[in-house]
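**Student:** So you can see what is in the structure, the chains are spelled out below.
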Amino acid sequence: MFQSIFMTGLGGQGIITLANLISGHAFENGLKASLFNAKGMAQRGGRVTSEIRLTDDPKLDFGARISVGKADILIGMEIGETINSLSFLKDGGAAILLNHGFVPTPMILKKEPYPSFEQLTELYSTKTNILFTVKEPKNPYNMFLLGVFTAVAPAIDGELSFYSKQSVEEGITKKLKRGLEENLQTFNGGYVYGQSLLRPV
Amino acid sequence: MKKLIIGNQAVAYGALSAGVDVAAGYPGTPSSEALTELLHFSQNNDPSPYVEWSVNEKVAFEIATGAAWTGKRAIATMKMSGANVAADSILSVAYSGTKGGLVLYIADDPGVEAGMPEQDTRLFAQWAGLPVLEPADPARLYELTRYAFELSEKSELPVIVRSVTSVAHAKQEVEGEYTYTPLGRKAEFEKNIFRYTKAGAAICIAQHEALLDRLNVVEQTVREAGVNRIETSGEGIRLSVVAAGALIPYVREALSSGDHQNLSTLFLESVYPLDRVLAGEMFQSADRVLVLEELEPFVEMQLRSEASRLGWGGTILGKLDGLLPRVGKYSQEVIRRGLKTLVGSQEGHAAATHPAETSDRYSFEGEKPADQPPPEQPATMPKAAAELNVKHPITFCAGCPHRGTFMAINRALKKIGLNQDNTVVTGDIGCTILGMNPPFHTCWTEVSMGSSIGLAQGFYWAGTENPVIATIGDSTFFHAGIPPLVNALQHGTDLLVVILDNGWTSMTGFQVNPGTSEQFQAKGARRVEIEGIVRGMGVENLQVIGPFDQDRSVESIVQALQQEGVKVIISQAECALTAARRQERTLIYRIDSEKCTFCRSCLRETGCPALYVTADGKKSKHGQVMAIDPELCTGCGLCYTCCKFDAIHEKKIGE
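Residue numbers (our numbering), protein chains in the order written: chain U, 1 to 201; chain Z, 1 to 655.
Hints in this document: simulated from the structure, not taken from any laboratory. Ideal Cβ positions, reconstructed from N, Cα and C, are used throughout, including at glycine. There may be inaccurate statements among the hints.
[Said to hold, decoys possible] Pairs of lysine to aspartate or glutamate residues, derived as EDC-like cross-links and limited to a Cα-Cα distance of at most 16 Å, are as follows:
id, chain 1, residue 1, chain 2, residue 2
1, U, LYS110, Z, ASP646
2, Z, LYS2, Z, GLU188
3, Z, LYS618, Z, GLU650
4, U, LYS59, Z, GLU253
5, Z, LYS99, Z, GLU118
6, U, LYS32, Z, GLU584
7, Z, LYS154, Z, GLU219
8, U, LYS70, Z, GLU555
9, Z, LYS414, Z, GLU555
10, Z, LYS391, U, GLU122
11, Z, LYS523, Z, GLU188
12, U, LYS32, Z, GLU253
13, Z, LYS3, U, GLU28
14, Z, LYS99, Z, GLU173
15, Z, LYS595, Z, GLU650
16, U, LYS90, Z, GLU143
17, U, LYS138, U, ASP91
18, Z, LYS595, Z, GLU631
19, Z, LYS652, Z, GLU584
20, U, LYS135, U, GLU112
21, Z, LYS2, U, GLU122
22, Z, LYS3, Z, GLU253
23, U, LYS59, Z, GLU173
24, Z, LYS621, Z, GLU594
25, U, LYS70, Z, GLU52
26, Z, LYS619, Z, GLU650
27, U, LYS32, Z, GLU306
28, Z, LYS595, Z, ASP616
29, Z, LYS383, U, GLU122
[Said to hold, decoys possible] Which chain U residues stay away from chain Z? Per the calculated CB distances, all over 10 Å, these:
id, residue
30, THR17
31, SER34
32, ASN37
33, ASP61
34, SER67
35, GLU81
36, ASP157
37, GLY158
38, GLU159
39, GLU182
40, LEU184
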């Protein structure tokens, strides 16, 4: 098993914390894991990306960065930035898309239309039919998405079953001290939401 | 023991395991976390090395050099641009060499994830005549930083450890000691003017010769240590791939997943000086050689030169033949294209214009800077996505004092019949440059640390009609802003310098600088106030303002712009992010949706990220009104100064 997970969003959304939890969990489960955060502009509302690569083969060599078209899973936390990251997802890869758009100041002032969640979903459906659309997320989004990811990961690849509700919860408890109760509650909400996405329609 | 750490932290622990005695640096992405980690270690452990954030990279390197000349081990850390600042000393120290291990950690940024030119430090090292180690990943960064001290002592040369963003910021498992055992050496500096001065031709020429001899020692020492290695996967292979530093794991990845089993590889983690024996071995067993390295054809040029010296008649594929790009970070696609061409397909050559993962082919003409595509975005963006593409310009954080300063500059210009499109306002490195972005559009230039004040004098002496304003942050002022201000004073320039003093080196992660409040200075360190420095220089026209008091700020700027000579305004308020970490908010602002007309003046002037559009208004068309995110609002009140409809009000926290 060798998985590349590309995550994208905006500074302030907690994407780095989410990436740390996902990659840290793999590491603690004895996998070889790598994380790269491009976060230079994070605190100023700029684009943030996290690249996670993990494998159960200790002999496998790989670089920290994910090339265009090589992400097995893409997690998009903000509509505009997720659109900008389409090229990273491989054909037929899995995408977890969050319905949240942050309209930049110049667009509000010029009253330009911001891309909708439907447009985002439509765009991604040209590349894959493995889409998990999180239409009604709860804040904090990163914890909600961690719940969704934990619920759907084993369905994306059976080898990702080590992301179980209980073990990820333990990870959160160990690593996040501030606002733990709220975070766990949101994680659980996300998990339930993620499960609902798995049910055949 | 194994830990999950980023490359820069690996540098810190590699240095600690080598028993480093002194460490100094200046923050700069992507290098900062190396010294941050060392500082953190020194503050929490005993024994520990002496660690400091220096005022600039030149000073940091000189401190490390002084320590190393006494026989102790020392490291200086910086981003590639910092090496330019330290260059004067680096080139001179290279001639003198060192006694104790002296390591210079420099992080480059192919693909420009942080900003500034795609400067290749390896060329810098060749210019200075210093050896360069280029580790492949965080684990090697640990090992080779540790090894660099040994190499430095054996060769008596400072050693450059060069990394790139992809390694410096990659978080991976690193096997290490994670402890510090001082070597316990006594500081002994030998008096020897032939080695430690440049007084006269005889001395300089002898030192130049010594430097070249030492480089030969490096070549041999590195060979014996097996830093570079040839791997062959079978008999009779006549194709070879040379990969340097950060590309090694990506080449392994490509080889393990591709069809190119029958290649021999030369993996280089010591790229200067070239190991000529190893290169000779490779040439002997290959007819075609592919060289993979990011940015400049540095290894390639050395190999071509060596091939020519040896009379080798094969083919070298790389950048100089136009196959691979000299711009940007290399993706798997670029590596695969190289491999494909190597094994004989002509397809690769046909695709020679395919870019690396970078924004190199974007045209900026006619676009406002903030409208540029994000540099992470590869040029291969699918058309459907490109059509929907949106850009999130970065801006000042909610509550940032710099917002108030740039609003005041814009308002002051307006008050005297000017504006930011007809009045040159030079910008400088750090958060303050966000004054060039919407909605401010105030800054015209960003060149290098401290350059705002020097450039502004050029604009003045060229005869620019309207007044010239230079804007600079506190850390940047300490770093390189003082000499150009002295120059302006001496020469009687008409110039307004606005120093935006938020008390921290914020852009790179809130490092301490000389102006940081006393309570955050290290034990035994003290605060140096900008006001005292500026007064000491003899600036008579000096005002200290608070940027949230807009009326007074605007008045001060207007007044200064109408006077002759050098005027300095220090605009002082702590960085909103560091303040928020300690202080509970007492009040925030809210917008009365009954009164908001959706004129958006608040957003147009402040661009504050706490402002958003909501649809519960009554007074505006379609019910749209502005609102303030209570989580983000710091209560700075700048939006309050924009509202003509009395729609923005204070709200005490807890009410």
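**Student:** Now tell me if each hint is right for this structure.
**Tutor:** Quick rundown of the hints versus the structure:
For the hint pairing LYS110 (chain U) with ASP646 (chain Z), the CA-to-CA distance comes to about 24 Å; that exceeds 16 Å, so the pair is violated. Straight-line distance between C-alpha atoms of LYS2 (chain Z) and GLU188 (chain Z) comes to about 36 Å, which puts the hinted pair past the 16 Å bound. For a cut-off of 16 Å, the pair hint linking LYS618 (chain Z) to GLU650 (chain Z) is broken: about 21 Å separates their Cα positions. As the CA atoms of LYS59 (chain U) and GLU253 (chain Z) are separated by approximately 11 Å, the hinted pair is consistent with the 16 Å bound.
Restraint check for LYS99 (chain Z) and GLU118 (chain Z): the C-alpha separation of about 32 Å exceeds 16 Å, so the hint is violated. Note on LYS32 (chain U) and GLU584 (chain Z): the hinted pairing is violated, with a Cα-Cα distance of about 41 Å set against a maximum of 16 Å. Only pairs whose Cα atoms come within 16 Å are accepted, and LYS154 (chain Z) paired with GLU219 (chain Z) is accepted, the gap being roughly 11 Å. For the suggested pair LYS70 (chain U) and GLU555 (chain Z), the alpha carbons sit about 56 Å apart, so the restraint of at most 16 Å is broken.
Restraint check for LYS414 (chain Z) and GLU555 (chain Z): satisfied, since their Cα atoms lie roughly 12 Å apart, inside the 16 Å limit. Between LYS391 (chain Z) and GLU122 (chain U) the CA atoms are separated by roughly 20 Å; this puts the pair beyond 16 Å, and the hint is violated. Taking the CA atoms of LYS523 (chain Z) and GLU188 (chain Z), the gap is about 26 Å. The hint is violated against a cut of 16 Å. Distance restraint check for LYS32 (chain U) and GLU253 (chain Z): the Cα-Cα separation of roughly 14 Å lies within the 16 Å cut-off, and the hinted pair is therefore satisfied.
Taking the CA atoms of LYS3 (chain Z) and GLU28 (chain U), the gap is near 11 Å; set against the 16 Å cutoff, the hint holds. Using a Cα cut-off of 16 Å, the hinted pair LYS99 (chain Z) and GLU173 (chain Z) is violated, with the two alpha carbons roughly 33 Å apart. Note on LYS595 (chain Z) and GLU650 (chain Z): the hinted pairing holds, with a Cα-Cα distance of about 15 Å set against a maximum of 16 Å. Proximity of LYS90 (chain U) to GLU143 (chain Z) is assessed by CA-CA distance (about 35 Å); at most 16 Å being required, the pair is judged violated.
Between LYS138 (chain U) and ASP91 (chain U) the alpha-carbon distance is near 29 Å, which puts this suggested pair outside the 16 Å criterion. Proposed proximity of LYS595 (chain Z) and GLU631 (chain Z) is contradicted: the alpha carbons are some 22 Å apart, above 16 Å. Taken as a hint, the LYS652 (chain Z) and GLU584 (chain Z) pair is honoured in the structure, with Cα atoms around 12 Å apart against an allowance of 16 Å. Between the alpha carbons of LYS135 (chain U) and GLU112 (chain U) the distance comes to roughly 23 Å, so the proposed pair goes past 16 Å and is violated.
For the proposed pair LYS2 (chain Z) and GLU122 (chain U), the alpha carbon gap of about 44 Å is over 16 Å, so the pair is violated. For a cut-off of 16 Å, the pair hint linking LYS3 (chain Z) to GLU253 (chain Z) is broken: about 23 Å separates their Cα positions. Simply put, LYS59 (chain U) and GLU173 (chain Z) have alpha-carbon atoms about 13 Å apart, close enough for the 16 Å limit, and the pair holds. Between LYS621 (chain Z) and GLU594 (chain Z), the direct Cα distance comes to roughly 12 Å. Compliance with the 16 Å bound is thereby established for this hinted pair.
With a CA separation close to 41 Å, the supplied pair LYS70 (chain U) and GLU52 (chain Z) exceeds the 16 Å bound. The straight-line distance between the Cα atoms of LYS619 (chain Z) and GLU650 (chain Z) is roughly 21 Å, outside the 16 Å bound, and the hint therefore fails. Between LYS32 (chain U) and GLU306 (chain Z) the CA atoms are separated by roughly 39 Å; this puts the pair beyond 16 Å, and the hint is violated. At most 16 Å may separate the alpha-carbon atoms for a hinted pair to count; LYS595 (chain Z) and ASP616 (chain Z) meet this at roughly 12 Å.
Simply put, LYS383 (chain Z) and GLU122 (chain U) have alpha-carbon atoms about 14 Å apart, close enough for the 16 Å limit, and the pair holds. A cut-off of 10 Å between C-beta atoms confirms that THR17 (chain U) is not in contact with chain Z; the least separation is 13 Å. Some Cβ of chain Z comes within 10 Å of the Cβ of SER34 (chain U); the nearest lies about 5 Å off, and the non-interface call is violated. A beta-carbon of chain Z is positioned within 10 Å of the beta-carbon of ASN37 (chain U); the least distance is around 6 Å.
Non-interface status of ASP61 (chain U) relative to chain Z is broken: a Cβ of that chain comes within 10 Å, the nearest being about 4 Å off. Distance to chain Z contradicts SER67 (chain U) as a non-interface residue, since its nearest Cβ pair spans about 4 Å, not more than 10 Å. Residue placement check: GLU81 (chain U) does not keep its beta carbon more than 10 Å from all beta carbons of chain Z (closest about 7 Å). Chain Z leaves ASP157 (chain U) outside its interface by the beta-carbon criterion, the shortest separation being 17 Å against a cut-off of 10 Å.
Annotated as non-interface, GLY158 (chain U) keeps its C-beta farther than 10 Å from every C-beta of chain Z; the closest such distance is 21 Å. The Cβ of GLU159 (chain U) lies farther than 10 Å from every Cβ of chain Z, with a closest approach of about 18 Å, so its non-interface assignment holds. Remark: the non-interface label on GLU182 (chain U) is consistent with the geometry, its nearest Cβ contact in chain Z lying 13 Å away (cut-off 10 Å). Consistency note on LEU184 (chain U): stated as away from chain Z, and its beta-carbon is indeed over 10 Å from all of that chain's, at 20 Å minimum.
Hint compliance for this structure: hints 1, 2, 3, 5, 6, 8, 10, 11, 14, 16, 17, 18, 20, 21, 22, 25, 26, 27, 31, 32, 33, 34 and 35 are not met, and every other hint is.
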